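Visitor: Each chain sits in its own coordinate frame; assemble them with the hints.
Chains as they are written, first to last, in the working numbering: chain A, 1 to 113; chain B, 1 to 113.
FYI, nobody ran anything at the bench for these hints, they're computed from the structure.
This structure is a prediction, so every number in the text was calculated from the model and none was measured.
Glycine residues also receive a C-beta, built at the ideal position from the N, C-alpha and C atoms.
Don't take every hint at face value.
In silico lysine-lysine, BS3-like type, Cα no more than 30 Å apart, as pairs [said to hold, decoys possible]:
id: 1; chain 1: B; residue 1: K105; chain 2: B; residue 2: K51
id: 2; chain 1: A; residue 1: K52; chain 2: B; residue 2: K100
id: 3; chain 1: A; residue 1: K13; chain 2: A; residue 2: K52
id: 4; chain 1: A; residue 1: K13; chain 2: B; residue 2: K100
id: 5; chain 1: B; residue 1: K105; chain 2: B; residue 2: K70
id: 6; chain 1: B; residue 1: K51; chain 2: A; residue 2: K30
id: 7; chain 1: A; residue 1: K13; chain 2: B; residue 2: K51
id: 8; chain 1: B; residue 1: K105; chain 2: A; residue 2: K30
id: 9; chain 1: A; residue 1: K13; chain 2: B; residue 2: K70
id: 10; chain 1: B; residue 1: K51; chain 2: B; residue 2: K70
id: 11; chain 1: B; residue 1: K51; chain 2: B; residue 2: K100
id: 12; chain 1: A; residue 1: K30; chain 2: A; residue 2: K52
id: 13; chain 1: B; residue 1: K70; chain 2: B; residue 2: K100
Some chain A residues flagged as far from chain B (calculated, every beta-carbon gap over 10 Å) [stated by the list, open to error]:
id: 14; residue: T14
id: 15; residue: H18
id: 16; residue: I26
id: 17; residue: S33
id: 18; residue: D62
id: 19; residue: S65
id: 20; residue: G107
id: 21; residue: L113
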Amino acid sequence: DAGVTQSPTHLIKTRGQHVTLRCSPISGHKSVSWYQQVLGQGPQFIFQYYEKEERGRGNFPDRFSARQFPNYSSELNVNALLLGDSALYLCASSFGQGRDTQYFGPGTRLTVL
Amino acid sequence: GQQLNQSPQSMFIQEGEDVSMNCTSSSIFNTWLWYKQDPGEGPVLLIALYKAGELTSNGRLTAQFGITRKDSFLNISASIPSDVGIYFCAGIRSGGSNYKLTFGKGTLLTVNP
Numbered sequence: 001d002a003g004v005t006q007s008p009t010h011l012i013k014t015r016g017q018h019v020t021l022r023c024s025p026i027s028g029h030k031s032v033s034w035y036q037q038v039l040g041q042g043p044q045f046i047f048q049y050y051e052k053e054e055r056g057r058g059n060f061p062d063r064f065s066a067r068q069f070p071n072y073s074s075e076l077n078v079n080a081l082l083l084g085d086s087a088l089y090l091c092a093s094s095f096g097q098g099r100d101t102q103y104f105g106p107g108t109r110l111t112v113l
Numbered sequence: 001g002q003q004l005n006q007s008p009q010s011m012f013i014q015e016g017e018d019v020s021m022n023c024t025s026s027s028i029f030n031t032w033l034w035y036k037q038d039p040g041e042g043p044v045l046l047i048a049l050y051k052a053g054e055l056t057s058n059g060r061l062t063a064q065f066g067i068t069r070k071d072s073f074l075n076i077s078a079s080i081p082s083d084v085g086i087y088f089c090a091g092i093r094s095g096g097s098n099y100k101l102t103f104g105k106g107t108l109l110t111v112n113p
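One chain only, chain B, in its complex shape (with noise of 0.2 Å):
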């Protein structure tokens, strides 16, 4: 099945860097949004975006919606332990009744204490 860009594969930083990662697509999508997967655990939402151009702040985490529709990046800053984890965007197209959701590959994150 069809799956978003997504990049890098894995990081893996010291505590207290700052993170970034983006999620590209060739399919124009109506909102972006960015999970984050612990082992054995469903997906939680991060961070929302629905508008084009969209710069949006959840404490540590910044998202940004490309101006495109295209693409996304998520930015973490000073990062702790408990970041550790893997992140996955996901981007909706959806218009009438039709809805559909497409994830990336995912980044596995890693932090060095």
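With the rest of the complex left out, here is chain A (with noise of 0.2 Å):
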């Protein structure tokens, strides 16, 4: 079966751009994750998504948003990117919420110029 894809793998904007990252969650799973990963640190929680709906947000300006589709899938909205919003963008998925094991996906590098 085919793990959690993500696309692009790389992107360069320029500040003030706006991005769409895009994620597919493992086969049968149900519910998505976002989180953003500066060079260093460990991965920052953005954004849980169940069933469509949103379960958790971290601590993330309104900037950032997302959405779930029908098919589980989902989307990862920057708007007015700054220079800060460079990091590597990993999705995850799992089947469920809460405390379901949750498996990344290779992550989307981003760089704002």
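Guide: Pasting the structure below:
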């Protein structure tokens, strides 16, 4: 079975632009979570979605938004990009929410110039 | 954002040695997780702990959920070169529809053959 897939792999944007990152969960998984990992740090939780509803949110500004589609894939949107948004954005999927094991994708490397 | 206190930050050991790392928090978690991340990849789950006091093994890896629910440790016995990577602890607080996963800053492990 395919693991969690993310696209694109790498992305370069300039300040003020908008970006959309995409994630496809493992088949059968209904929950998707998004994380931001700045170089040298652990991942920071952004959102969790389960059954197309937001079930958890980390301490990120409103410029960050996400949604989950009926096929359980998900998009993360970031508006008005700042230099500090440069990071590896990780998506993780799990069968359910809460304590279910999360499986991570390889991430999207976003560079903001 | 909040992160767990993980130590040590880095370790440089000889092949065959045992390794120990730990994670502490000022908050209680109801699940503790340990992940390993290789360069250019997403974190991979090594061990999940669900009950205070629980001791769980996965091959040469052993982890424990602290009795206070505010800490956890991971031991790796008889290290081998492929153990090289960054190890992250993570704690989950979930209740009802509210979910939050917090990562530590990571322990960089280098194994000298």
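Visitor: State for each hint whether it applies.
Guide: Evaluated hints:
| no. | hint | in the structure |
| --- | --- | --- |
| 1 | B:K105 - B:K51 | holds (23 Å) |
| 2 | A:K52 - B:K100 | holds (17 Å) |
| 3 | A:K13 - A:K52 | holds (28 Å) |
| 4 | A:K13 - B:K100 | holds (29 Å) |
| 5 | B:K105 - B:K70 | holds (16 Å) |
| 6 | B:K51 - A:K30 | holds (25 Å) |
| 7 | A:K13 - B:K51 | violated (44 Å) |
| 8 | B:K105 - A:K30 | holds (28 Å) |
| 9 | A:K13 - B:K70 | violated (40 Å) |
| 10 | B:K51 - B:K70 | holds (12 Å) |
| 11 | B:K51 - B:K100 | holds (17 Å) |
| 12 | A:K30 - A:K52 | holds (8 Å) |
| 13 | B:K70 - B:K100 | holds (15 Å) |
| 14 | T14 | holds (24 Å) |
| 15 | H18 | holds (22 Å) |
| 16 | I26 | holds (12 Å) |
| 17 | S33 | violated (7 Å) |
| 18 | D62 | holds (15 Å) |
| 19 | S65 | holds (17 Å) |
| 20 | G107 | violated (5 Å) |
| 21 | L113 | holds (21 Å) |
When the structure is compared with the earlier hints, violations turn up for hints 7, 9, 17 and 20 and for no others.
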